[in-house]
Amino acid sequence: GENVEQHPSTLSVQEGDSAVIKCTYSDSASNYFPWYKQELGKRPQLIIDIRSNVGEKKDQRIAVTLNKTAKHFSLHITETQPEDSAVYFCAASQGGKLIFGQGTELSVKP
Amino acid sequence: DSGVTQTPKHLITATGQRVTLRCSPRSGDLSVYWYQQSLDQGLQFLIQYYNGEERAKGNILERFSAQQFPDLHSELNLSSLELGDSALYFCASSPGGGSVSGYTFGSGTRLTVV
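In the order they appear, the protein sequences are chains B and U.
Convert by adding 741 to the 1-based position in the first sequence; the result is the number in my numbering.
Convert by adding 34 to the 1-based position in the second sequence; the result is the number in my numbering.
A hint or two may mislead.
Each computed EDC-like pair below joins lysine to aspartate or glutamate, with the alpha-carbon atoms no more than 20 Å apart [stated by the list, open to error]:
1. Lys-43/U x Glu-780/B
2. Lys-783/B x Asp-74/U
3. Lys-809/B x Asp-790/B
4. Lys-778/B x Asp-74/U
5. Lys-763/B x Glu-746/B
6. Lys-763/B x Asp-74/U
7. Lys-812/B x Glu-780/B
8. Lys-778/B x Asp-35/U
9. Lys-91/U x Glu-743/B
10. Lys-783/B x Glu-743/B
11. Lys-91/U x Asp-768/B
Everything labelled a hint here was simulated from the structure, so no lab data went into it.
Given only the sequences and the hints, what does the whole structure look like? Please build it.
Laid out in structure tokens, this is it:
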């Protein structure tokens, strides 16, 4: 089945810096790659997603890139703010269900 | 409010007991997914139902079972509970069996086994 690896597990940046989180997946048939943000004790919330027929997608300060050949995708957050501090999960779709990476705890220091 | 409703929000029970977690999907969604999130762990896929039928199974223990009813709500039954079953249990819903766009999570049920 699908396996999703996510790195790094923790990331600390200064406010205003950029943050990059990377994921790799194993199943070349996966075709949908969402990213979720989870604040402490709350539900994961979708922040951006990308389909396999697209190489890059942007939404304000957030962007996702996908390299199908290498089977990896990345989340880029620019101009980070303290409210970006949370755990971020990548996921890959396998047969209609999402398999998640282990998460990255992002800390943005003022 | 995501539109996915989970009850109860918190549950404390003793080892060996059985509990039932409930999930009502977002209006119009036919698929329900259950995930377990233990402390410092990611989201582990348990099981998926689509329009009343089991569609996919993940690492779900034999002590756990689920079903989806005709009104599309789903229940996750956990029996012979162990301390290690303490976790946040999330359900999510999406419109169709083969498409995961619009995958929305509920607020979760925090289960504590003592």
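Hint check results:
1. Proximity of Lys-43/U to Glu-780/B is assessed by CA-CA distance (about 16 Å); at most 20 Å being required, the pair is judged to hold.
2. Under the criterion of a C-alpha separation no larger than 20 Å, the hint pairing Lys-783/B with Asp-74/U is consistent with the structure, at around 14 Å.
3. Pair hint Lys-809/B plus Asp-790/B holds up; C-alpha atoms about 15 Å apart against a cutoff of 20 Å.
4. For the given pair, Lys-778/B sits about 15 Å from Asp-74/U by alpha-carbon distance, which is consistent with the 20 Å threshold.
5. Taken as a hint, the Lys-763/B and Glu-746/B pair is honoured in the structure, with Cα atoms around 8 Å apart against an allowance of 20 Å.
6. The suggested pairing of Lys-763/B with Asp-74/U holds, with an alpha-carbon distance near 19 Å, which does not exceed 20 Å.
7. Between Lys-812/B and Glu-780/B the CA atoms are separated by roughly 28 Å; this puts the pair beyond 20 Å, and the hint is violated.
8. Proposed proximity of Lys-778/B and Asp-35/U is supported: the alpha carbons are some 16 Å apart, at most 20 Å.
9. Of the pairs offered as hints, the one joining Lys-91/U and Glu-743/B holds, with about 13 Å between alpha carbons and a cut-off of 20 Å not exceeded.
10. For a cut-off of 20 Å, the pair hint linking Lys-783/B to Glu-743/B is broken: about 26 Å separates their Cα positions.
11. Taken as a hint, the Lys-91/U and Asp-768/B pair is honoured in the structure, with Cα atoms around 17 Å apart against an allowance of 20 Å.
Hints 7, 10, counting from the list given before, are not met by this structure.
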